[in-house]
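Novice: Okay, here's what each chain looks like letter by letter:
Number of protein chains: 4
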Amino acid sequence: MSNQAALRSDYVYFEEITTRWMDNDVYGHVNNVVYYSYFDTITNNFLIKKGGLDIQDSEVIGYIVKSECNYVAGISYPDKIFGAFRVNRIGNSSVEYGLAIFKEEQVNACAYGSMTHVFVNRHTEQPTKISGQLLEALQSVLIES
Amino acid sequence: MSNQAALRSDYVYFEEITTRWMDNDVYGHVNNVVYYSYFDTITNNFLIKKGGLDIQDSEVIGYIVKSECNYVAGISYPDKIFGAFRVNRIGNSSVEYGLAIFKEEQVNACAYGSMTHVFVNRHTEQPTKISGQLLEALQSVLIES
Amino acid sequence: MSNQAALRSDYVYFEEITTRWMDNDVYGHVNNVVYYSYFDTITNNFLIKKGGLDIQDSEVIGYIVKSECNYVAGISYPDKIFGAFRVNRIGNSSVEYGLAIFKEEQVNACAYGSMTHVFVNRHTEQPTKISGQLLEALQSVLIES
Amino acid sequence: MSNQAALRSDYVYFEEITTRWMDNDVYGHVNNVVYYSYFDTITNNFLIKKGGLDIQDSEVIGYIVKSECNYVAGISYPDKIFGAFRVNRIGNSSVEYGLAIFKEEQVNACAYGSMTHVFVNRHTEQPTKISGQLLEALQSVLIES
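Residue numbers (the working numbering), protein chains in the order written: chain A, 1 to 145; chain B, 1001 to 1145; chain C, 2001 to 2145; chain D, 3001 to 3145.
Misleading hints may appear alongside valid ones.
20 Å max Cα-Cα, derived SDA-like pairs, lysine to any residue [what the hints assert, rightly or not]:
#, chain 1, residue 1, chain 2, residue 2
1, C, LYS2066, D, GLU3096
2, D, LYS3080, A, ASP54
3, A, LYS49, A, GLU16
4, A, LYS66, B, VAL1065
Quick list of the computed label-pair ranges, beta carbon to beta carbon [unchecked claim]:
#, chain 1, residue 1, chain 2, residue 2, range
5, A, ASN92, C, GLU2105, 49 to 59 Å
6, D, GLY3132, B, GLN1106, 50 to 60 Å
7, D, ASP3010, A, ASN92, 46 to 56 Å
8, A, GLU59, D, GLN3126, 56 to 66 Å
9, D, ASP3010, A, ILE48, 24 to 34 Å
10, C, SER2131, A, GLY52, 39 to 49 Å
It is worth saying that the hints were derived from the structure and are not from the lab.
Even glycine gets a Cβ: it sits at the ideal position worked out from N, Cα and C.
Please work from the sequences and hints to get the whole structure.
Specialist: Here it is in structure tokens:
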């Protein structure tokens, strides 16, 4: 089972994400789909800034193999929101991230979930062992088990 | 645990979805986020056509409280794809849908997962018991357990 | 000035596009942004099917340098819509496309506009002369002037 | 002809917009469609903050009747970008906005264009005269002609 977390104190890495007019759906809330866009933005932000990922040129890139999200409370454009990120588990070539969205300074997440990357060679698409700067970055936000 | 299914024969309701140029991401495949857009399109298609949902006016509407997806094989615009839909479980006011994406006539899903709706009163946002035409429609695609 | 056209009879190439739940915005209509997604989908469909474009590997690819759209009548998911495509003008390395969106069998467009591609070498990003299969395809849907 | 502007000094109202992973298309740049999402986000930000727009409840709302964009230089996630906004022309019930996207502190826009809103009564969809707080806000960023 996923090791999911819904409190602000469960996370250490945060980034503000600006909501967009078109994020809202016909019921007036951010559409459920869009949360995953927030999730993969903050994940890639972390991988680029801390893990050395170059999305245009890196030999090793991450493919998503699983994602999930629990929706607790609605948010709506133009709410001010923050994406939260951590690493739940590091495998040989895969990583499960923990992710959450917080409205302003609230302590309870509006939504939380997880995404799993398998790191592969960009050309062969074969899984590769996580190592070097990427491994160090991931370990720096790994939860204690 | 979710009752998920990855074979074409696990599903009875299908609709073609036309992929879009911007569905592809920088790695050349349909972005992981977009699959959820396919999922909620086919779900709402079913609810509108079979369950009597009027997204502008119905008193009772569905809010997503949970979603998840497993990504098995990449698809890319302009692939021809089909969304598949079924009902995994019907509760008092909530329903878990089973969903999958198939490329052309393939029998194995490229992606499969689930989404859970809680039906609420549009104005009060309080959960409401599933009944009438909606219940009948959902039961018609409910898997046997 | 662009040579824009709002009638079904102004076009020869059509493709159905399936609308999506999240295309609708909070006012209940397809968001203005999404029409451009329809436009570049039908344009690339034409270039792939008729012009020999391989979006992963072609040496020559098209960059959008200008686009515009006039919105005449709202459409909403789950409307059945068709994208219409033609070529307004062929230059040395650039092409202006004419585009429109029609609801079902209606003769008046719900929206119409244009997009201009400059064809460039994928690696150098320098403009290249339009020729060969691509030129023939574009000429086959060029309006008479 | 539109009164379009491509220099930072042509604008007075700016907001940062956070780019998203999925904004990039298969060619590695922000997809042409997404710029319009930036445009209508900054426009609505201005209308909400300065013009008193309540997107859920206002009697008077804006419908887009025309939009256009010129693409000068590519941007890519995770670039830091700013949306710029001004009013080009105020009519009886319609307004043409001038819009541009700037990368970091650059003085030349990566893209610039315009959008035209017609303000209508939310229920009747009939055009309404622009007045009150909305008119004052629009006049405050109207260019001199």
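Novice: Now tell me, hint by hint, if it's right for this structure.
Specialist: Going down the list of hints, with the structure as the test:
{"no.": "1", "hint": "C:LYS2066 / D:GLU3096", "verdict": "holds (18 Å)"}
{"no.": "2", "hint": "D:LYS3080 / A:ASP54", "verdict": "holds (16 Å)"}
{"no.": "3", "hint": "A:LYS49 / A:GLU16", "verdict": "holds (15 Å)"}
{"no.": "4", "hint": "A:LYS66 / B:VAL1065", "verdict": "holds (18 Å)"}
{"no.": "5", "hint": "A:ASN92 / C:GLU2105: 49 to 59 Å", "verdict": "holds (56 Å)"}
{"no.": "6", "hint": "D:GLY3132 / B:GLN1106: 50 to 60 Å", "verdict": "holds (58 Å)"}
{"no.": "7", "hint": "D:ASP3010 / A:ASN92: 46 to 56 Å", "verdict": "holds (54 Å)"}
{"no.": "8", "hint": "A:GLU59 / D:GLN3126: 56 to 66 Å", "verdict": "holds (59 Å)"}
{"no.": "9", "hint": "D:ASP3010 / A:ILE48: 24 to 34 Å", "verdict": "holds (32 Å)"}
{"no.": "10", "hint": "C:SER2131 / A:GLY52: 39 to 49 Å", "verdict": "holds (41 Å)"}
Every hint, counting from the list given before, is met by this structure.
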